[in-house]
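Based on these hints, arrange chain B on the given structure of chain A.
Sequences listed follow chains A and B, in order. The first sequence runs 1 to 120 under the numbering used here. The second sequence runs 121 to 231 under the numbering used here.
Mixed in with the good hints, there may be bad ones.
To be verified - Straight-line distance between alpha carbons at most 20 Å, and here's what the computed EDC-like set of lysine to aspartate or glutamate pairs gives:
1) Lys190(B) <-> Asp106(A)
2) Lys40(A) <-> Glu173(B)
3) Lys176(B) <-> Glu108(A)
4) Lys190(B) <-> Glu137(B)
5) Lys146(B) <-> Glu173(B)
6) Lys41(A) <-> Glu173(B)
7) Lys176(B) <-> Glu53(A)
8) Lys146(B) <-> Glu44(A)
9) Lys226(B) <-> Glu44(A)
Stated by the list, open to error - What follows is a list of derived Cβ distance ranges for each label pair:
10) Gln129(B) <-> Asn58(A): 39 to 49 Å
11) Pro8(A) <-> Ser159(B): 11 to 21 Å
12) Lys41(A) <-> Glu135(B): 21 to 31 Å
13) Pro231(B) <-> Pro61(A): 42 to 52 Å
14) Ser159(B) <-> Thr5(A): 15 to 25 Å
15) Ser178(B) <-> Leu51(A): 23 to 33 Å
16) Ala198(B) <-> Gly28(A): 33 to 43 Å
17) Ser132(B) <-> Asn58(A): 46 to 56 Å
18) Arg174(B) <-> Leu105(A): 18 to 28 Å
19) Asn138(B) <-> Leu51(A): 38 to 48 Å
Unchecked claim - Chain B is faced by these chain A residues, among others (derived, beta-carbon under 8 Å):
20) Lys36
21) Ser38
22) Val48
23) Leu90
24) Thr96
25) Phe110
26) Pro113
27) Gly114
No wet-lab data here; the hints were simulated from the structure. Ideal placement from N, C-alpha and C gives every residue a C-beta, glycine not left out.
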Amino acid sequence: ETGVTQTPRHLVMGMTNKKSLKCEQHLGHNAMYWYKQSAKKPLELMFVYSLEERVENNSVPSRFSPECPNSSHLFLHLHTLQPEDSALYLCASSLTDILLSPKGLDNEQFFGPGTRLTVL
Amino acid sequence: SQQGEEDPQALSIQEGENATMNCSYKTSINNLQWYRQNSGRGLVHLILIRSNEREKHSGRLRVTLDTSKKSSSLLITASRAADTASYFCATDGDSNYQLIWGAGTKLIIKP
Numbered sequence: 001e002t003g004v005t006q007t008p009r010h011l012v013m014g015m016t017n018k019k020s021l022k023c024e025q026h027l028g029h030n031a032m033y034w035y036k037q038s039a040k041k042p043l044e045l046m047f048v049y050s051l052e053e054r055v056e057n058n059s060v061p062s063r064f065s066p067e068c069p070n071s072s073h074l075f076l077h078l079h080t081l082q083p084e085d086s087a088l089y090l091c092a093s094s095l096t097d098i099l100l101s102p103k104g105l106d107n108e109q110f111f112g113p114g115t116r117l118t119v120l
Numbered sequence: 121s122q123q124g125e126e127d128p129q130a131l132s133i134q135e136g137e138n139a140t141m142n143c144s145y146k147t148s149i150n151n152l153q154w155y156r157q158n159s160g161r162g163l164v165h166l167i168l169i170r171s172n173e174r175e176k177h178s179g180r181l182r183v184t185l186d187t188s189k190k191s192s193s194l195l196i197t198a199s200r201a202a203d204t205a206s207y208f209c210a211t212d213g214d215s216n217y218q219l220i221w222g223a224g225t226k227l228i229i230k231p
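The following block holds chain A by itself, in its conformation from the complex (with noise of 0.2 Å):
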């Protein structure tokens, strides 16, 4: 897990309130991911930066607002959050550079340990 870390690790927080995610990952590598992880769902898509270049937005409500300000480090601004916005948040990084990689070629991802959001 240290390749990839993330804060804070637990999160509560109003409705009203403005907060945000960080993510951070040592490995060098050209792509990270935010994920969204409810109880009994699949890993849902949050966004996909590649070379701080935002690829996907994978129809994620606008209260979820991403920043990538370089390729080692990644935020989620959250605002005007709603009850059911509260799950695990993963930050996850792979080597892959979307923009210029053929699709079939391997994409294992490395993840950070997460944020377990509480929303009010």
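Relative to the frame of chain A, chain B by itself:
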């Protein structure tokens, strides 16, 4: 859409026994991966098997892939209490970065 579906949803066995989990998928793939997740933590990549491979080993892990049946299995031999976790399969999706995940198998190893 959900591609991989793990079976069973939950599995409880005695320490020392072998654990087998299965994954089925719907469309053609280039590769399939297995991940482990300890309770409330991030996922850890275990093994990747390509569509032209039938079997792969890593320590106590054995993965098989049957592309004709669109299925894969993960075998953990001589299970240990530390193997207690959820196990997920993921297949490559329509793009070169997308993984399609199943809902996972929750494995409990009883001491």
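Now for the hints, and whether the structure bears them out:
no., hint, result
1, Lys190(B) <-> Asp106(A), "18 Å, holds"
2, Lys40(A) <-> Glu173(B), "30 Å, violated"
3, Lys176(B) <-> Glu108(A), "16 Å, holds"
4, Lys190(B) <-> Glu137(B), "26 Å, violated"
5, Lys146(B) <-> Glu173(B), "18 Å, holds"
6, Lys41(A) <-> Glu173(B), "29 Å, violated"
7, Lys176(B) <-> Glu53(A), "35 Å, violated"
8, Lys146(B) <-> Glu44(A), "18 Å, holds"
9, Lys226(B) <-> Glu44(A), "18 Å, holds"
10, Gln129(B) <-> Asn58(A): 39 to 49 Å, "25 Å, violated"
11, Pro8(A) <-> Ser159(B): 11 to 21 Å, "18 Å, holds"
12, Lys41(A) <-> Glu135(B): 21 to 31 Å, "30 Å, holds"
13, Pro231(B) <-> Pro61(A): 42 to 52 Å, "44 Å, holds"
14, Ser159(B) <-> Thr5(A): 15 to 25 Å, "19 Å, holds"
15, Ser178(B) <-> Leu51(A): 23 to 33 Å, "30 Å, holds"
16, Ala198(B) <-> Gly28(A): 33 to 43 Å, "35 Å, holds"
17, Ser132(B) <-> Asn58(A): 46 to 56 Å, "34 Å, violated"
18, Arg174(B) <-> Leu105(A): 18 to 28 Å, "20 Å, holds"
19, Asn138(B) <-> Leu51(A): 38 to 48 Å, "43 Å, holds"
20, Lys36, "11 Å, violated"
21, Ser38, "10 Å, violated"
22, Val48, "5 Å, holds"
23, Leu90, "6 Å, holds"
24, Thr96, "6 Å, holds"
25, Phe110, "7 Å, holds"
26, Pro113, "5 Å, holds"
27, Gly114, "5 Å, holds"
Hint violations for this structure: numbers 2, 4, 6, 7, 10, 17, 20, 21, all remaining hints satisfied.
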